[in-house]
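K.L.:
Could you slot chain S onto chain D? The hints should help.
Top to bottom, those sequences are chains D and S.
Mapped onto my numbering, the consecutive letters of the first sequence carry residue numbers 1 to 307.
Mapped onto my numbering, the consecutive letters of the second sequence carry residue numbers 1 to 307.
These are calculated hints, taken from the structure and not from any lab test.
Among the clues, some could well be false.
One copy or any two copies: either way a pair holds, since identical chains are not told apart in the list.
List time: in silico DSSO-like cross-link candidates among lysine-lysine, alpha-carbon distance up to 30 Å [as the list claims (entries may be wrong)]:
{"hint": "1", "residue 1": "Lys263", "residue 2": "Lys218"}
{"hint": "2", "residue 1": "Lys277", "residue 2": "Lys302"}
{"hint": "3", "residue 1": "Lys218", "residue 2": "Lys36"}
{"hint": "4", "residue 1": "Lys125", "residue 2": "Lys98"}
{"hint": "5", "residue 1": "Lys263", "residue 2": "Lys297"}
{"hint": "6", "residue 1": "Lys263", "residue 2": "Lys305"}
{"hint": "7", "residue 1": "Lys305", "residue 2": "Lys277"}
{"hint": "8", "residue 1": "Lys218", "residue 2": "Lys297"}
{"hint": "9", "residue 1": "Lys302", "residue 2": "Lys218"}
{"hint": "10", "residue 1": "Lys297", "residue 2": "Lys249"}
{"hint": "11", "residue 1": "Lys36", "residue 2": "Lys98"}
{"hint": "12", "residue 1": "Lys263", "residue 2": "Lys277"}
{"hint": "13", "residue 1": "Lys297", "residue 2": "Lys277"}
Remember, it's a predicted structure, so these values are computed and weren't measured experimentally.
Each chain, letter by letter, is given below.
2 protein chains.
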Amino acid sequence: MSVTIGPAGGQKFEGGVVGFIGLGVMGRSLAGHLLKAGYPLVVYSRTRASAEGAIAAGAQWAASPAELAPRCRLIFTMVGLPRDVEEVYLGPSGLLPKAAPGSLLVDLTTSTPALAQRIAETAAKRGILALDAPVTGGDVGARNAQLSIMVGGDAAAFVRAEPVLRLFGPTIVHHGSAGSGQHAKMCNQIMIACTMMGICEALAYAGGAGLDPQLLLKSTSGGGAASWSLQTLAPRILQGNFAPGFYVKHFCKDLAIALAAAKEMRLDLPGLALGEKLYRELAAAGHADDGTQALWKLYEAKLPKQN
Amino acid sequence: MSVTIGPAGGQKFEGGVVGFIGLGVMGRSLAGHLLKAGYPLVVYSRTRASAEGAIAAGAQWAASPAELAPRCRLIFTMVGLPRDVEEVYLGPSGLLPKAAPGSLLVDLTTSTPALAQRIAETAAKRGILALDAPVTGGDVGARNAQLSIMVGGDAAAFVRAEPVLRLFGPTIVHHGSAGSGQHAKMCNQIMIACTMMGICEALAYAGGAGLDPQLLLKSTSGGGAASWSLQTLAPRILQGNFAPGFYVKHFCKDLAIALAAAKEMRLDLPGLALGEKLYRELAAAGHADDGTQALWKLYEAKLPKQN
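One chain only, chain D, in its complex shape (with noise of 0.2 Å):
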């Protein structure tokens, strides 16, 4: 079932060049997405191995951000951090100086709020549009274009990012003005940085009760405690996989947005504060390029010797 949230409009989808910055665990699968759904694309990605696959699937190629936007008439981003966000848009190879009036950026990257709303005011000013459209559903739901998109930005951008964006997932909320995406993308990691930690400690506490941890998966995933992670990331967990669905690295980033942005707003959340806390502690612990789900490394690494 397909669920648009949002002022309607295009039940086409648009025609022209796309361009795809970005190819890395996420970004790949969308960027095929893409290229299955027939587009001409035009790819960029800061270490060009990462775009092998989609330019053996037909992708052009593109040297550099501002060598790919006049190319394209919409342009999808997902990179790491604010500040490459930052570099891919703004910066002196970047897309905004070089864009075409009238084209359409969406970045899918979660970055902060304040920089969603400078991209689009800068992008307004030459006549074009942005919007940020950060996802959920991970790199499975990438995989399967199940994510959930949350959009902010310009309603008639909305409409013309909305029938390209149904490529990627069945969800796509349209929540407001340029950084609503990237807030209510806040919102969803204060949420999962928290069941994560749920998941661990009572991984913790079944290890302490001597219960088999199969088990408990089995009893508590359709009940109460039901949840995506629960579902998804602790059976990777009890397989010991820690490869990233996503980077520990970009979720410390994330949540410490979030934790910025609250106390702007005069917030106090605590489970967000101990996330953070703990996600932090994990990053430094050596595990930045991990999956989230390896957070339980951090509680396994306190339990008790057994003796």
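P.N.:
Only chain S this time, still in chain D's reference frame:
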């Protein structure tokens, strides 16, 4: 789909009269499922008014657990606090002094692992079988017979109880010896406490950022933050419905049990400690008889005043 994990055996429902003690929000639904399945039922509840629905549907009334015990081959209990469990099983008008040898007692209450062990040992000395079998899935799960049931105790007792437990829900897991069902339930409650904290903090953040909370539920309920609580309890928060599916006072009791057990295991579980503290504050602020979703009230009370 029905999943049983544990020793195989009983394919048929056990015959004979069934007892049910404790007809609160959840017990009432479960007694209803037994009546619908055709079991002759004897009920007892601390307040007789709670039993009126069951009596109207054909159940017999007993004046005390001691009076109920000898009339039944299989007895379920679902009461409030560990001290209630203790009284119902071990007190002067309790089950154990009067239950028939060979009968089977199944406690569905969330209680302490140590008490579950004590009951099982006392029962065994009299040739009675006792299981701890706390459930998860909330009021909705009880009504729709969609609970998951975490069972601790003797394997032969599990085999006898399982076909009847199937009337309450599709997932029935034997976790091991007496008390292990309660330990599994503690893991479940740890996860729920952290998840609820994340949901309330996300809603507080959404308010601060000026997001429509209904839209937030739409965009986050299908992604990485998806959870039973987000799906089931967050909409109640937005409707201002704080009626108990599961009481704050009972959840406080569960979290205190979990925290005490974790301390005994020398585990450092900061998320549980924070959740326990917040729910204790919530109860102290006058919300003990609300549902667990009332945690929102604690955050709401701390929101910065709008100018």
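K.L.:
Enumerate the violated hints, using their earlier numbering and listing them in ascending order.
P.N.:
Nothing - there is no hint that the structure violates, so all of them hold.
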